[in-house]
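*Asks:* These are the residues of each chain, in order.
2 protein chains.
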Amino acid sequence: MPGNIAAPVVKNKKVLFKRYIDGNPKESDFEISTESTIKLQVPEGSNGVLLKNLYLSCDAYLCFLMQGSKSSMAETFEGFKLGEPIGGMGVSEVLDSKHPNFTKGDLVWGETLWEEYTYLPEVRALFKIQDHKDIPLSYYTGILGMSGLSAYGGFYEVCQPKEGERVFVSAASGAVGQLVGQFAKISGCYVVGSAGSKEKVELLKELGFDGAFNYKEENDLNAALKRYFPEGIDIDFENVGGKTLDAILPNMRMHGRISVCGMISQYNLEKRDPIQNAYWVLFKRLKMEGWAVLDYVHLYQKFIDFILPHVLEKRIKYVEDIVVGLEKGPYAFSALYTGSNFGKQVVKVFRD
Amino acid sequence: MPGNIAAPVVKNKKVLFKRYIDGNPKESDFEISTESTIKLQVPEGSNGVLLKNLYLSCDAYLCFLMQGSKSSMAETFEGFKLGEPIGGMGVSEVLDSKHPNFTKGDLVWGETLWEEYTYLPEVRALFKIQDHKDIPLSYYTGILGMSGLSAYGGFYEVCQPKEGERVFVSAASGAVGQLVGQFAKISGCYVVGSAGSKEKVELLKELGFDGAFNYKEENDLNAALKRYFPEGIDIDFENVGGKTLDAILPNMRMHGRISVCGMISQYNLEKRDPIQNAYWVLFKRLKMEGWAVLDYVHLYQKFIDFILPHVLEKRIKYVEDIVVGLEKGPYAFSALYTGSNFGKQVVKVFRD
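In order, the protein sequences belong to chains W and G.
Following numbering that gives the first Met the number 0 from start to finish, the first sequence increments by one per residue and tops out at 351.
Following numbering that gives the first Met the number 0 from start to finish, the second sequence increments by one per residue and tops out at 351.
Honestly, the hints are just simulated from the structure, not real lab data.
Please note: incorrect hints may appear among the correct ones.
Identical copies go unnamed one by one, so any copy, or any two together, can satisfy a pair.
[To be verified] Okay, derived cross-link-like pairs now, EDC-like style, lysine to aspartate or glutamate, Cα gap no bigger than 20 Å in a straight line:
no.: 1; residue 1: Lys161; residue 2: Asp294
no.: 2; residue 1: Lys242; residue 2: Asp272
no.: 3; residue 1: Lys270; residue 2: Glu110
no.: 4; residue 1: Lys25; residue 2: Asp105
no.: 5; residue 1: Lys103; residue 2: Glu43
no.: 6; residue 1: Lys301; residue 2: Glu319
no.: 7; residue 1: Lys286; residue 2: Glu156
no.: 8; residue 1: Lys12; residue 2: Glu26
no.: 9; residue 1: Lys80; residue 2: Asp130
no.: 10; residue 1: Lys127; residue 2: Asp304
no.: 11; residue 1: Lys127; residue 2: Glu92
no.: 12; residue 1: Lys225; residue 2: Glu74
Chain W extracted, bound-state conformation:
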């Protein structure tokens, strides 16, 4: 009987959480462990799955799980444990399953840990991938996963864009921003993005943005916004926060909408930047709304039905920055906060 064949025990490289962060995450806040082993089999009596991790998603929110008791999300989420592998979203292959929804050989995306093989004793958020030829599996860490759903929910649900409206996207070449810009064009909007390098600005233009600027070359962000939006901004898709948001507020048009997807400039500051221009929320009758992708999970199928034709017919492009090898994970993750990534940051663990 197959049950008698002993499952192999293999080495299992891991990215361990080494210390609570002080400021933005750095490579030295992690440690690579190569000593562990894992038996590639779900134990008897478990409902779990055993995963081989193919791609891991680098997401900015993970820093909140590294801040210990100082985290603004300490009430909501349990943080990473020192000495344990960090976790997040990824694309994996099911090597063994005692869960009724999954079978050996399935490709899945969802929760996993930053290690080569992961045993999940309990499945909470794991979704089977319907394999599409021509679509890279890594896309399920981004455009077809949380980043895509974030762009979709945060733009269409929160902003209710109308044809001809003027859209600004900060951190516009990132995992979410590059999609929001392309969605804005599909909706007939004028869209301008900011990013942190000449290459990223070029990318935005290639993706169809009407304008793009390097915020590092602008001494006066307010003047830059006025240059691209002489008549003001209807929709701000906010990824940066702090001084960027403060410059945007007085440039908003009446009844403008600010969709707060992220405030990456503020996550790891000891003292956050003050906002001087909050009163424009009143005077310009703005709606400013914060949200999390969890708020839009119910829209996932609708989103997939919307985005797949665009992806398959190459009307929407998606730029990924893929590092190869789990040991590059700490570098790749830290890159989100220095801006040295170019597009959606992914770690490739295994994939032939």
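Given chain W, put chain G in place with the hints provided.
*Replies:* Relative to chain W, chain G alone:
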């Protein structure tokens, strides 16, 4: 023929705009003129009306029309002219009309000027009052006018309150706040208000607020909010802004709503208070929305159908602070900014 009877010419007292304000409006920014006269007749060829002003509404937004080119609303509204009477909303009697919708003897509410008699050459926003016995006419400056519609739109449309939710109202004894608190109770919410005197705090309790505090007696507003909202705030109806809003933000619950009706603490500052806690909009997934009563004009009849039974059956109370005589206008208007008014501030001009 009646046309041959000469219309009387009478003295017409006025509140004139004397100087652009520097800081909050003061009595000395106005001047009372008693020298003008007016013929109580609409001129031939006009489509206008001639009004006898009964009650004038003191509204905080009027200060934006007194700030000259420094006004945050300079783009949107033309300010008052020096040496001319200020304008606003009021309740009036039609003494003469060449406008098809109005007849001599009609009672109306809407636009007028701060003078005893007003000739409006063009009617833009004037509404006939269906006379209800038992309802004071002055209510059309407040609960049955813009203040009531503001409370209704800003609470029900923006906040979508649900039974059991926790509501905070700042400047809660004011023209709008006292109504929002009572609407919150009608909707089955828990509601706490802040105000600036012991008497106002007592009033809020009499109006049915579950709790009320004098913000002047609280050294630490954050601590006060935590005392009344140990589990956080679902809905903030914001009238004050600045430091008050900054203390509220970290006390909001997940998916909370902040309806920005006003920011009276910020209107006349040279440099507005910075907001340190804007990032909670993201972390608590808040919706913060600014609006103006103009956004809800289409709901006026629906609002009246809602509020009239409550008023007639005395389930909702409304507290007015009425000064008698147009010459008291500058004092009454300035009182909004010192908080020395007690309830909706009204100026009674004529009424037997």
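*Asks:* 20 Å Cα cut-off: does Lys127 pair with Asp304 within a copy, between copies, both or neither?
*Replies:* within (16 Å within a copy, 53 Å between copies)
*Asks:* Given a CA cutoff of 20 Å, do Lys225 and Glu74 count as a within-copy pair, a between-copy pair, both, or neither?
*Replies:* Result: close only across copies, 16 Å inter versus 40 Å intra.
*Asks:* Is the C-alpha distance from Lys12 to Glu26 at most 20 Å within one copy, between copies, in both cases, or in neither?
*Replies:* For Lys12 and Glu26, the Cα distance is within 20 Å only inside one copy (16 Å; across copies 76 Å).
*Asks:* Can you give me the call for Lys103 and Glu43, within, between, both or neither, at a CA distance of at most 20 Å?
*Replies:* Within one copy, since 16 Å is at most 20 Å while 91 Å is not.
*Asks:* Cα distance capped at 20 Å. Does Lys286 pair with Glu156 within a copy, between copies, both, or neither?
*Replies:* Both: 12 Å inside a chain and 13 Å across chains, each within 20 Å.
*Asks:* Given identical chains, is Lys301 near Glu319, meaning Cα to Cα at most 20 Å, within a copy, between copies, both, or neither?
*Replies:* neither (23 Å within a copy, 52 Å between copies)
*Asks:* Is it within a copy, between copies, both, or neither that the alpha carbon of Lys242 lies no farther than 20 Å from that of Asp272?
*Replies:* both (7 Å within a copy, 15 Å between copies)
*Asks:* Have a look at Lys270 and Glu110 and pick one of within, between, both or neither, based on CA distance no larger than 20 Å.
*Replies:* Neither: 32 Å inside a chain and 47 Å across chains, both beyond 20 Å.
*Asks:* With identical chains, the pair Lys127 and Glu92 could be close in the same copy or across copies; at 20 Å between alpha carbons, which is it: within, between, both, or neither?
*Replies:* Close inside one copy (10 Å), not across copies (72 Å); limit 20 Å.
*Asks:* Are the CA atoms of Lys80 and Asp130 at most 20 Å apart within a copy, between copies, both, or neither?
*Replies:* neither (34 Å within a copy, 70 Å between copies)
*Asks:* As a check of your reading, is Lys161 near Asp294 (CA-CA no more than 20 Å) within one copy, between copies, both or neither?
*Replies:* between (22 Å within a copy, 18 Å between copies)
*Asks:* One pair to classify: Lys25 and Asp105, alpha carbons no more than 20 Å apart. Within, between, both, or neither?
*Replies:* neither (34 Å within a copy, 74 Å between copies)
In terms of the numbered hints stated before, the structure departs from hints 3, 4, 6, 9, listed from lowest to highest.
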